[in-house]
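Participant: One letter stands for each residue in the lines below.
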Amino acid sequence: MDKTAILPGTLDLLILKAASLGPLHGYGILLRIEQISGGALGIEQGALYPALFRLERQNLLATEWGTSENNRRAKYYSITSAGKKRLREQTSGWNRLALAMSTALAAEPEEA
Amino acid sequence: MFRTLWNALMRRKQWEQDLQDEMREHIRQRAEHLIASGVPEEQAARRARIEFGSPESAKENCREAHGLRWPVELLQDLKYGLRVLSHSRGFAAIAIISVALGVGANAVVFSAINALLLRPFPIPEPERIYSVNRNNNPSNSFPNYREIRDRNQIFDGLFAYRVAPMSLENGENAQRLWGYLVTGNYFETLQVHPVLGRFFGPAEDVHENASPYAVLSYDCWRKRFGGDPAVAGKTIRINSGVYTVLGVAPRGFHGSEAFYWPEIWLPMMMQPQIEGRSWINERNEYDAWIAGRLKHGVTTEQADANLRLIAASLVRQYSGNEGIQLTVSRAGFLGSMGRDPLQAFAGGVMLLAALVLLAACANLASMVSARVADRQREFAVRLSIGAGRGRLLRQLLAESALLSVLGGAAGFALAAGVLHFINLWKAPLDFPAAFQIPVDWRVFGFAFGIALVTGLMFGIIPARVVWKTDPNQGLRGAMANSSSRRWALRDLLLAAQVSLCCLLVTASLVSLRGMLRSLQMPLGFQPQSVAILGYDLGLAGYDQTKGRRFHEQLKAAVSALPGIESAAYANSVPLSIDQSSTSIYPDNTTDFRHKNAISAGYYFVSPGYFRTMRTRLVAGREFTYQDNKDAPDVIILNESGARRLLGGSGNWVGRHIRGGFGAKERLVEVVGISEDGKYETLTEDPKVVIFQSMLQHYNGTAVLLARSSRPESDVAGELRRALAGLDPHLPAYGVGSVTQMLGFAYLPVDAAVIALGAFGLLAIMLAITGIYGLSAYAVSRRVREIGIRMAIGARPSAVLKLVLGRTGMLVGFGCAVGLILGAAGTQVLAAVVYHATSRDPLVIGGTVLTMGLIGIAAVLGPARRALRVDPMQALRQE
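Quick note, the sequences are listed as chains A and B, same order.
Take the first sequence: its position 105, counting from 1, is numbered 104 in numbering that gives the first Met the number 0, and each next residue is one higher.
Take the second sequence: its position 779, counting from 1, is numbered 778 in numbering that gives the first Met the number 0, and each next residue is one higher.
A hint or two may mislead.
Derived pair list, reagent style EDC-like, types lysine to aspartate or glutamate, alpha-carbon separation capped at 16 Å [claimed, not checked]:
no.	chain 1	residue 1	chain 2	residue 2
1	B	800	B	784
2	A	74	B	24
3	B	594	B	149
4	A	74	B	20
5	B	58	A	43
6	A	74	B	577
7	A	74	B	17
8	B	628	B	577
9	B	58	B	31
10	A	84	A	33
11	B	545	B	784
12	A	16	A	68
13	A	84	A	55
14	B	677	B	577
15	A	74	A	63
To be clear, the hints were calculated from the coordinates, so they are not data collected in a lab.
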C-alpha cells in the first residue's frame with residue numbers, strides 16, 4: 000500500500016474526524032483514518048498518542064477506560080462539543096484551502 | 000501542600016501505568032491485526048513494535064503534550080540530581096561550602112541591617128515616629144519643646160525625653176541604672192500598653208517634683224524585681240526620693256532610640272529631683288530630646304514647612320534661639336545624627352558582602368562549566384534516547400538549585416551560629432546599649448532568596464553547552480576539545496573571581512591600615528595603666544560642700560594605696576560617652592551673639608589630672624590647690640583652642656578668653672596650654688577644648704583616675720573598696736581601666752576591621768578553591784598529553800608552563816583588574832573606614848603579595864600532580 004505522509008497540522012483534524020464517527024481506542028483511530036481515507040493516508044504510529052494527549056488537554060476529546068472487543072482494558076476517545084465545533088471550523092477552512100489550491104494548480108497557461 | 004504533592008504523585012503513577020497499558024494494548028492489537036492479515040505469528044509482534052517506533056520517545060512526547068506536572072517532574076529532577084551529586088562528592092562539597100560562605104556572610108550582614116535599620120520598634124505604626132532636630136541635633140530646650148508641642152499642626156503627639164542615669168537604692172546597697180525622663184504624653188503617643196499596672200499620663204506630669212511615679216521596663220522588672228506580679232503600687236527609692244511603681248512596659252519596648260535600652264521611665268517633671276538642678280525653664284540649655292507621632296498623611300516636607308514657621312517665631316520671641324532650624328527625621332538614631340552614617344556604613348558592608356557572594360557565584364560557575372564540559376557525553380546520550388533539550392536544562396537547573404538550597408541551608412546555619420556569638424557579645428560600655436540581632440523570618444527569606452538566585456546564576460552557565468550539544472558528535476567522542484579553544488567562559492569567570500577577591504583583600508588591608516593608624520593616633524593622653532571609677536554624688540543627695548570634701552577624701556584615700564603613682568578626679572575624660580560643650584569667645588568680643596561663639600568641649604579636672612593622664616602641657620602650668628573657689632577663675636586651653644582664640648603667636652599663657660557656662664562676658668586667664676587630642680571620636684578633626692579647675696567648678700558626677708604600675712583590674716577593685724569605705728550607699732559605675740573604656744571609641748573601627756577582615760578571609764578561601772578547582776581540572780584533562788611530552792623529554796618547567804600557564808595569566812590579569820577596582824572604590828571604603836585609601840603603596844604591595852601566595856597555595860597540589868605523571872601509566876590509560 001502506497002501511503003502519502005500527511006501534511007503537518009492535519010493529524011489533529013483527521014483524529015477529530017475519526018473520533019466524531021464514534022468512540023474509539025487509539026489503534027481504532029489509526030485504523031479508522033486509514034479506512035476513511037481509503038488507505039491513502041498513513042500515520043506514524045508513535046506520533047498518534049502525543050496528538051491524542053494534546054487534544055485531550057485542549058478538551059477537544061474526552062477519554063474513558065473501557066473494554067476492548069477482545070475483552071482487554073482500553074482507553075476510548077470520544078469527541079466533545081468543543082471538539083465538534085473545532086472540527087466544523089477546520090473542515091470548512093480545509094475545504095476552502097483545498098479548493099483554492101486545486102484551482103490554482105489547475106490553471107492552464109492563457110493563450111495569447 | 001504535602002497532601003497535594005502526595006496526591007499528584009499517586010495520580011502520576013496511575014497516569015504512567017495507563018500510558019504504558021495503552022501503548023502495549025496498541026502494539027498487541029496491531030500484532031493481532033497483522034496476524035489476521037497473514038503475517039506469521041512470530042514476526043507479527045516484532046513488526047508491530049518496529050512500526051510503533053521508540054515507545055520511550057512517544058511516552059516522553061505524551062508527557063509533554065499532557066502538560067507540565069511540576070511537583071512530579073521536579074521531584075524526578077531532584078532525585079536524579081541527588082544521584083548525580085552523590086557520584087561527585089568532592090565537587091558537591093566545594094560547591095555547597097562556597098554557597099554556604101556567600102549566603103552566610105550575606106545573611107549575617109542582612110540580619111544586622113534588618114535589626115538596626117529595618118526592624119520597626121515594637122509599637123503601632125512606628126514609621127510615623129519622627130524626631131524634631133535643632134540644627135541637626137535632637138536636643139532642644141524644654142521651653143522650646145513646649146512651644147513646638149503647642150504650636151505645631153503636624154503631630155498627633157509630641158513628647159520630650161532625656162537619657163538619665165540614676166541610682167536605685169534597695170536596703171543596704173545602691174545600683175546604678177539608666178532610664179528615661181519622659182513627658183506625660185510619651186506612652187500615649189507611642190501607643191504602648193502596660194503588661195502590668197498602668198503608665199503615667201499628661202495629668203501626672205504637670206508640676207516640678209510633684210509626681211514621683213515610675214514605670215519599669217520588662218527586663219528590669221524580671222531582673223531586679225524577680226517578676227513580682229504585685230510590683231505595681233510598691234515604692235522604690237531613686238536618688239534619695241521615694242517613687243511609686245505604676246506599671247511595667249511590654250517586653251521588647253525600649254522607647255524610640257535603637258541602641259538605648261532604658262530600665263525605667265520617670266515623669267519629666269521629676270527632672271530637678273533626679274538631676275539635682277532644674278533646666279525645665281532654661282531657654283539656653285538644650286537637654287530635652289524631642290520626637291512625636293506625625294499625623295496621618297503628613298509628609299516630611301509639610302512637617303518641615305510647619306517647623307520652619309515655628310522656628311521663625313521662636314527666633315523672634317526668645318533670645319538664644321538665633322539661627323535655630325527645626326527639621327524632622329525618622330526617629331531611632333539620635334535624630335538625624337546617626338542614621339546617615341549608619342546607612343552609609345551598612346550600604347558599604349552590604350556591597351562587600353554582595354561581592355563575596357558574586358565571587359562565590361563565579362567560583363561555582365567556573366567549576367560547573369568545567370564539569371559540564373566533561374558531561375557532554377552524558378548529555379549526548381540522553382538527547383539521543385529522546386530527552387528534550389528543555390528537559391535537560393530543567394534537570395541541570397534542578398541540580399544547581401539542589402546545590403544552592405543545600406548551601407543556603409548550611410549558610411543560614413552558619414549565619415545563625417555567628418549571630419549567636421554576636422548577640423552574646425556585650426559592648427564594653429557602662430550603658431544599656433544592646434546589639435540584639437534576631438534571626439527572624441526576614442533573614443530566613445533573604446538567605447533562601449539569595450541562595451536560589453545564586454543557584455540560577457551558576458545553573459544558567461551549562462545551558463549553553465547543553466544547547467550546543469550535538470548527539471551525533473557527542474557520542475563519537477568528537478567533542479570540542481577545551482585546549483583548542485583559546486578562552487573558555489570558565490577562564491573569564493576565574494579571572495572575574497580573582498579580581499573580586501583581590502578587591503576584597505584590598506579592602507581588608509585598607510581597613511587594617513586604618514585600624515593601625517587609629518591605634519597610633521595621638522590621643523592626647525596615655526590610657527595604659529590608668530584605672531578608673533565613676534560615681535555620682537548628685538544622685539546620692541550630697542550638697543556642694545559635702546561633695547567637694549568627698550572628692551578630696553576619695554582622692555586622698557586612693558593616693559595612699561600601695562603602688563599608686565598619681566591620682567586625680569574629673570567630671571569626665573576624653574573619649575568616654577559623657578562629653579559636654581559650652582560657648583566661649585576671644586577676649587576682645589563685644590557682640591556675644593550665637594554666630595560669634597566658639598563651641599568648646601570642657602572638662603573640670605582636679606590638680607594632678609594632667610600628670611595622671613600624661614597629657615603633655617605645651618606651655619604654662621597645671622592646676623594646683625591654689626586654684627580654688629576663693630581664687631580668680633583660670634583655664635587651660637588645648638593647642639587648637641589657643642590658636643583659634645589667641646592667635647598663632649605662641650605667646651599664649653597669661654592672656655584671657657571670655658565666656659563659658661552661660662556667663663558670656665566672664666573673663667578668664669589662660670594659665671596653661673595642653674597638647675591636642677581626641678575627645679569625642681577617633682576620627683574627629685582637631686577640636687577646641689578647655690579645662691577648668693574642679694575646685695572652682697563643682698560637679699557631682701565624677702570619675703576617679705589612678706595611674707599605677709600594678710594591673711589596672713587590681714587597682715580598680717581597690718578603688719571600689721575605697722569608695723565603699725567612704726560611703727557604702729554610693730553606687731560605683733564604669734569601674735575598670737581607661738583602655739577598656741576606650742572600647743567605646745574604638746567600636747566603629749573594630750567593627751569595620753572585623754567585617755572587612757572576615758570578608759577578606761572569605762574571599763581568599765573562595766579564590767583558593769576556585770583556582771585549585773580549575774587548575775586541578777586542567778591537569779586531569781591533560782594527563783595523557785603531559786605523559787607524552789614527558790616521554791619525549793619535556794622538562795618539568797615546560798610541563799608546568801603548559802598546564803598552569805593559563806591559570807597564572809588569568810590570576811595575574813584578575814589581580815590587575817582587582818587593584819584598579821580597589822583604587823576606584825576608595826570612596827566606598829571611606830564610608831566604612833576612616834581615612835581609607837587604597838592608593839597606599841603598603842596596601843598595594845600587601846595585596847599583590849597575598850594574591851601571589853593564594854595563587855601558589857592553590858596551584859601547588861595540581862602542579863605536583865602534573866610533575867608526578869608517570870609517562871608509561873598515562874599512555875596506557877586509554
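Participant: For this structure, which hints from the list above don't hold up?
Facilitator: Of the numbered hints given earlier, those the structure breaks are 3, 6, 8, 9, 10, 11, 12, listed in rising order.
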